[in-house]
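> Chains as they are written, first to last, in the working numbering: chain B, 1 to 60; chain P, 1 to 157.
Simulated from the structure, these hints should not be mistaken for lab results. Honestly, I wouldn't trust all of these hints.
As the list claims (entries may be wrong) - Which residues of chain P face chain B? A few of them, derived with a C-beta cut under 7 Å, are:
no.: 1; residue: S9
no.: 2; residue: R22
no.: 3; residue: M27
no.: 4; residue: Y29
no.: 5; residue: I39
no.: 6; residue: Y40
no.: 7; residue: S41
no.: 8; residue: V44
no.: 9; residue: P46
no.: 10; residue: L48
no.: 11; residue: E55
no.: 12; residue: E90
Claimed, not checked - What the simulated footprint calls covered on chain B by chain P, stretch by stretch (three residues with Cβ under 8 Å from a Cβ of chain P suffice, anywhere in the stretch; the number is not a length):
no.: 13; segment: 21 to 30
no.: 14; segment: 46 to 54
Owing to the predicted nature of the structure, the values given are computational and were not obtained by experimental measurement. Cβ atoms here follow ideal geometry from the backbone N, Cα and C, with glycine treated the same way.
Residues per chain are reported as follows:
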Amino acid sequence: MKVNACKECKRLTELDVCESCKAKTTPNWIGFVAIADPERSDVAQKMGIKLKGKYALKVR
Amino acid sequence: MDSDEGQQSSFYALRTTIGQERNVASMIYSRISKLGVNIYSILVTPELRGYIVIEALDHTEIEKSLPGISHVRGIVEGEMAIDDIEKFLEPVSAVAKVNLGDVVEFTSGPFKGSRARVTKVDETKEEITVVLFEATVPIPVTVSGNDIRIVMKEELG
Ligand SMILES: [Zn+2]
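Model the full assembly from the supplied sequences, consistent with the hints where possible.
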């Protein structure tokens with residue numbers, strides 16, 4: 001199963017366009033972060049993630 | 001449990017079978033809302049083989065989420081410092097998308113609302129150098145990618 005990451009928000013998706021910000025996605029990404037509680041998570045705050053979900057750490 | 005803004009989260013390392021880091025992370029993630037455990041994020045980075053990093057209220061919240069999950073080899077005793085985790089995090093909004101010549105606008109700080117042209121991008125430090133349009137003398141200013149937004153991309157070619 002192909003998983004891509006959004007070039008703008010890093011959200012992981014199987015689609016070629018991100019559902020949340022409509023940017024293009026790419027298969028070139030590394031790392032993984034699942035955000036369960038964007039308000040309480042320091043990781044989400046430092047990365048600027050505001051929505052729950054699975055993200056890449058780095059997108060190239 | 002109060003949910004004040006001041007409430008801290010803590011970071012713990014969970015040992016896993018090497019190669020199963022992301023599977024374990026996904027399994028735990030899929031249980032969080034069902035079990036109602038106070039786990040806030042789960043991080044997997046290639047630099048930490050055989051470990052995942054879990055951000056939670058405390059380690060008992062993590063323990064509650066683990067029964068029945070394969071490839072888990074136990075929680076490492078003690079908390080990780082945020083400084084140890086920060087180096088793995090790349091802000092989403094930041095510098096990666098900014099290129100030389102782009103026009104940006106400050107979204108925070110003393111120059112909020114001002115526009116500037118990008119003269120240097122330092123991806124490793126997540127910093128960019130810009131020259132403000134309004135300045136009489138073009139002094140370069142170094143800023144974080146979080147303080148600006150791109151207004152106009154440099155035309156290619
Ligand atoms: Zn996106």
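> Establish whether the coverage given for the segment 46 to 54 of chain B by chain P is satisfied; the threshold is a Cβ-Cβ distance below 8 Å, and no fewer than three residues must meet it.
holds (count 5)
> Can S9 (chain P) be said to touch chain B, with a Cβ gap under 7 Å?
At 6 Å from the nearest chain B Cβ, S9 (chain P) passes the 7 Å test, so the hint holds.
> Taking the least C-beta to C-beta distance, is R22 (chain P) closer than 7 Å to chain B?
Check passed: Cβ of R22 (chain P) comes within 5 Å of chain B, closer than 7 Å.
> Let me know if the C-beta of E55 (chain P) comes in closer than 7 Å to any C-beta of chain B, holds or violated.
6 Å, holds
> Close enough to count: is the Cβ of E90 (chain P) nearer than 7 Å to one in chain B?
Constraint on E90 (chain P) satisfied, holds at 6 Å.
> Would the hint on P46 (chain P) stand, with a C-beta cut-off of 7 Å toward chain B?
6 Å, holds
> Have a go at the S41 (chain P) hint: is there a Cβ in chain B nearer than 7 Å to its own Cβ?
4 Å, holds
> Holds or violated: is there a CB of chain B closer than 7 Å to the CB of L48 (chain P)?
10 Å, violated
> Go through the hint on Y40 (chain P) and say holds or violated, using the shortest Cβ distance to chain B against 7 Å.
Because about 4 Å separates Y40 (chain P) from the closest Cβ in chain B, which is inside the 7 Å limit, the hint holds.
> Is the hint on I39 (chain P) kept, meaning its closest Cβ partner in chain B is under 7 Å away?
It holds, given that the least Cβ distance between I39 (chain P) and chain B is near 6 Å, below 7 Å.
> So, as I understand it, the hint says M27 (chain P) touches chain B; can you test that by seeing if any CB pair is closer than 7 Å?
Nearest chain B Cβ about 10 Å off; hint violated.
> Should the hint that Y29 (chain P) touches chain B count as held when the rule is a Cβ pair under 7 Å?
Nearest chain B Cβ about 4 Å off; hint holds.
Violation of the numbered hints given earlier is confined to hints 3, 10 and 13; the remaining hints are satisfied by the structure.
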